[in-house]
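Colleague: Letter by letter, the chains look like this.
Number of protein chains: 2
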Amino acid sequence: MKIENIELFYLSMPEILDEADGSQDALIVKVEAGGLVGWGECEASPLTSIANFICPKSHSAANPIRDSVINQNINDLNDVKKIIQTVKHKSLMIAQTPHTFSGIEVALLDLLAKKENCPIYSLIGMNKSKPKIAYASVLFGKTPQETYEVAKNLKNQNFKAIKFGWQNFGLNIKTDEDHLVAAREAMGKDLELMVDVGAIWGTDVEEAQKRLNILQNANITWLEEPFFSDAFYEYGQLSDKTNLPLAGGESCHSVESAKNMIRFGKVNFIQIDAGIAGGILAGKEICDFAEANNVQYVNHTFTSHLQLSSSLQSYANSSKSLFAEFPQQLKSLAWDLTENHIDIDINGCINIPTGVGHAIKINQSALEQYKVDVQIYINKEKIF
Amino acid sequence: MKIENIELFYLSMPEILDEADGSQDALIVKVEAGGLVGWGECEASPLTSIANFICPKSHSAANPIRDSVINQNINDLNDVKKIIQTVKHKSLMIAQTPHTFSGIEVALLDLLAKKENCPIYSLIGMNKSKPKIAYASVLFGKTPQETYEVAKNLKNQNFKAIKFGWQNFGLNIKTDEDHLVAAREAMGKDLELMVDVGAIWGTDVEEAQKRLNILQNANITWLEEPFFSDAFYEYGQLSDKTNLPLAGGESCHSVESAKNMIRFGKVNFIQIDAGIAGGILAGKEICDFAEANNVQYVNHTFTSHLQLSSSLQSYANSSKSLFAEFPQQLKSLAWDLTENHIDIDINGCINIPTGVGHAIKINQSALEQYKVDVQIYINKEKIF
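Residue numbers (my numbering), protein chains in the order written: chain H, 1 to 384; chain W, 1 to 384.
In case anyone wonders, no lab produced these hints; they're calculated from the structure. Idealized CB from N, CA, C, for every residue including glycine. Take the hints with a grain of salt, since some may be wrong.
Stated by the list, open to error - Have a look at the derived ranges for each label pair, beta carbon to beta carbon:
1. W/13 to H/75: 33 to 39 Å
2. W/1 to H/335: 54 to 60 Å
3. W/76 to H/361: 42 to 48 Å
4. H/212 to W/240: 28 to 34 Å
5. H/373 to W/81: 53 to 59 Å
6. H/365 to W/72: 24 to 30 Å
7. W/242 to H/76: 50 to 56 Å
8. W/363 to H/365: 51 to 57 Å
9. W/341 to H/365: 54 to 60 Å
10. W/19 to H/34: 47 to 53 Å
11. W/240 to H/32: 47 to 53 Å
12. W/77 to H/361: 37 to 43 Å
As the list claims (entries may be wrong) - Just so you have them, the derived chain H footprint on chain W, three or more residues with Cβ under 8 Å:
13. 21 to 27
14. 40 to 48
15. 139 to 151
16. 206 to 220
17. 283 to 290
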C-alpha cells in the first residue's frame with residue numbers, strides 16, 4: 001500500500017500562558033494508507049513545523065518533508081526506514097526537520113502496526129512490554145511549603161518516584177536546599193526523587209558543583225539538564241567530579257546527538273522524546289546503544305498520552321531501563337485529545353498499552369474543539 | 001534607540017533545481033532603528049524561518065523570535081548580547097531558531113556599526129582586517145575531465161586554492177581517484193586543494209578510511225564533512241587514524257556545537273556560517289576557542305556576498321586562520337541581490353570590505369524582482 005494522505009492538526013488552548021508547560025498546544029499527524037489510519041504527535045511549535053512540512057523547496061538538501069513521505073510505499077518496517085533515510089537526506093539543511101518528522105514517523109508505525117494487528121513495540125521486534133516505575137513529573141512549588149504539599153499529595157496517589165522541575169530552582173542555594181529538604185521530608189526515604197533544572201546553569205559547571213552537596217543530601221536519583229542541551233563537555237566535566245547520576249537528552253534530535261550525550265556528556269540516564277529525536281525507531285536505536293553502555297533509557301514526555309505511549313514503545317521490553325516519565329498537571333487540551341489514558345497501578349508503575357499500534361484513541365471532537373485554523377499562501381496560491 | 005521594525009523578504013529563482021546549490025533562494029532581514037537600517041541573511045528554508053519568526057507562542061521556551069527583538073533597545077553591543085540571550089531562552093525549544101535568528105543578529109550588528117560609522121569587525125573589537133586566501137568553492141564535474149577543466153579555469157582566474165564539493169564523489173573509489181588526479185593535474189603542485197564530501201559516509205568511518213590514500217596522494221589541504229554534522233565520535237575516530245586534516249562545522253547551530261566539533265570531532269578547520277551558527281558574535285567566540293586550540297577558523301558561505309561579508313567579520317583580523325570560502329557558480333538571485341561584490345586580488349586573496357557595517361549594499365530592485373509573496377493567516381487573522 002501507498003501513503004495516500006497526511007494531515008496536520010494544529011490544536012491550542014484558548015490562551016497560552018507564559019509557563020514551561022508543553023501541553024498548551026499540539027501538532028497532531030494523521031496518515032492514511034490502504035484504508036488504515038495512523039496517528040502521531042510532533043513537538044511544538046506547530047506553525048513552524050507545518051511550514052517545514054509544506055515549504056517550497058530551497059535546494060536538494062532543503063525539501064519540504066511532505067514530498068519525501070506522500071505516495072511512498074508502506075508495507076513493512078523497511079519502507080519506514082527508507083522514508084527516514086530519504087527525509088534525512090532531502091531535508092537535512094532545515095533545522096526544524098527532526099521535530100516535524102518525529103510525529104510523522106510515529107503515525108507511520110501506528111498505521112503499520114494496525115496492518116499487522118499488533119502493538120508498535122511488537123512491530124519493532126519486542127515480544128512483550130514490562131511495567132516501568134512511573135515518576136510524576138511536576139514543577140517545584142512557589143515556596144518549599146508548596147513543594148512539600150505537592151510531594152505529599154503525589155505520594156498519597158501511590159507514586160514511588162517524583163521529579164521536580166525547574167521553576168523556582170537553581171538561582172539561590174539556600175532556597176534550593178529548602179525545596180529539596182521539603183520534598184524529601186514529604187516523600188520519606190524510600191521514594192525516588194529526581195531534580196530537573198532545565199539548563200539553568202548554561203555552561204557554568206561551578207554553579208552546578210555548588211549544589212552537589214545539597215543534592216546528595218537529598219539522595220536524589222538523578223540531576224537532569226544542568227546545562228544547555230549540547231554542552232556535552234560541561235556534562236562530562238561535572239560527571240567527572242561527582243558520583244551523582246546525571247540525566248539529559250530531551251532535546252536530542254538525532255541518534256548521533258543522543259550518542260554524543262552518552263559518550264561525551266557521560267550521563268547515566270538518557271531521556272528521549274519520540275516527538276523530537278526522530279521517532280520511535282530512533283529511540284530504539286538509542287536505547288540499544290545506551291544499555292550497552294550501562295546507561296538507562298527514559299522517555300521524555302510533557303504532552304498528551306498519545307505522546308506518552310509513543311515514547312514508551314522504544315524501550316517497552318527493557319529490564320535494564322526502569323523508569324518512565326509520567327506528566328502530571330496537563331492542560332485540558334492534552335487530556336481531552338485522547339479517549340483513553342495511561343494510569344499507574346498499585347505498585348506505582350505504568351503498563352504500556354498492549355492494544356494495537358500505540359493503542360491510544362484520538363478524540364475526534366477535541367480535534368474540532370481546540371482547532372487552530374491555518375492558511376498559508378505562496379504567490380496567492382494556497383499551500384496549506 | 002529602539003528596534004522599530006523588522007522585515008523579512010523571501011526571494012527565489014523562478015525555478016528551484018534539484019541541485020546542492022544554496023543560492024537558489026534567500027531570506028533577507030531588514031531591521032530599522034533611529035533612522036538607521038541594517039541588513040542580514042538567514043539560511044534557508046525561508047518559509048520555515050518566517051513561521052519561526054511570527055508563530056503563535058507554544059509555551060515559555062517556544063516563543064516567536066519577533067517578540068524577543070522588536071521594541072528592544074539597541075544602543076551598544078551589550079544590547080545585542082541581551083537580545084541573543086533572550087532569544088536563546090525564549091525560543092530554545094523551536095529547532096529552527098538558530099537559523100532564523102542568525103540573519104537577524106547580522107542585521108542588528110550592521111545597524112549598530114552604521115551608528116558607530118565603522119565596519120562590523122571594528123564594532124566587535126578588531127582594529128583591522130587581513131586578507132584571506134580565497135578558495136573557490138565549486139562542485140566536482142560530471143566527469144574527471146570536467147573537473148580538470150573547472151580546476152584549470154579557476155587557476156587561470158588566479159585562485160590559489162580550490163575546494164571541490166560533493167556531487168559525483170564518494171560512491172566509487174576509482175572514480176573518486178580519477179577526479180582527484182584530474183584536479184591536481186590541472187592545478188599543479190602548489191595550489192591548495194580541498195575536498196568536501198557532504199556527509200556522504202554518514203557514520204561509516206571505514207568508507208572514509210578507504211579513501212585516505214588517494215586523498216593523501218592528491219596532497220589535499222583538508223577533507224570536509226566526511227560524516228553527519230553531529231557525528232563527532234566518528235570524526236574523532238577518523239582523526240585518530242590519519243594525519244589528513246579534517247574540516248567541518250557548517251551545520252553547527254550554536255557556540256557549544258562548534259566547540260563539540262573541535263573537542264570531540266578533532267577537526268583542524270572549523271567552518272562556520274554566520275547565517276546558521278547564531279550570527280557574527282557566535283562566530284567570533286568560536287574563532288577565539290578554535291585558535292586557542294590550534295584549529296583554523298573558516299567561513300562557510302554558499303549564498304550571496306551579503307552573507308560572504310557577514311561570515312568574514314568574525315575572524316577579520318586573524319593571522320592564524322588563513323582561508324576564506326569564496327562561492328562560485330552563484331545563481332543570478334544571489335548575485336543580483338547586492339550592488340557591490342567582493343573580488344579576489346592578484347595574490348588570490350579576498351579583502352574584507354572596509355566600509356561601514358558589512359559594507360554590502362542591497363539592490364532594492366532585486367527585492368522586487370525575486371520576491372515571493374507569503375501570506376499566513378491564523379484563525380482568519382493575517383499574521384504575515
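Colleague: It remains to establish, for every hint, whether it holds in the given structure.
Modeller: Results for each hint:
no.: 1; hint: W/13 to H/75: 33 to 39 Å; verdict: 38 Å, holds
no.: 2; hint: W/1 to H/335: 54 to 60 Å; verdict: 47 Å, violated
no.: 3; hint: W/76 to H/361: 42 to 48 Å; verdict: 56 Å, violated
no.: 4; hint: H/212 to W/240: 28 to 34 Å; verdict: 33 Å, holds
no.: 5; hint: H/373 to W/81: 53 to 59 Å; verdict: 38 Å, violated
no.: 6; hint: H/365 to W/72: 24 to 30 Å; verdict: 42 Å, violated
no.: 7; hint: W/242 to H/76: 50 to 56 Å; verdict: 40 Å, violated
no.: 8; hint: W/363 to H/365: 51 to 57 Å; verdict: 53 Å, holds
no.: 9; hint: W/341 to H/365: 54 to 60 Å; verdict: 59 Å, holds
no.: 10; hint: W/19 to H/34: 47 to 53 Å; verdict: 35 Å, violated
no.: 11; hint: W/240 to H/32: 47 to 53 Å; verdict: 49 Å, holds
no.: 12; hint: W/77 to H/361: 37 to 43 Å; verdict: 54 Å, violated
no.: 13; hint: 21 to 27; verdict: holds (count 4)
no.: 14; hint: 40 to 48; verdict: holds (count 6)
no.: 15; hint: 139 to 151; verdict: violated (count 0)
no.: 16; hint: 206 to 220; verdict: violated (count 0)
no.: 17; hint: 283 to 290; verdict: violated (count 0)
When held up to the earlier numbered hints, the structure conflicts with 2, 3, 5, 6, 7, 10, 12, 15, 16, 17 and fits the remainder.
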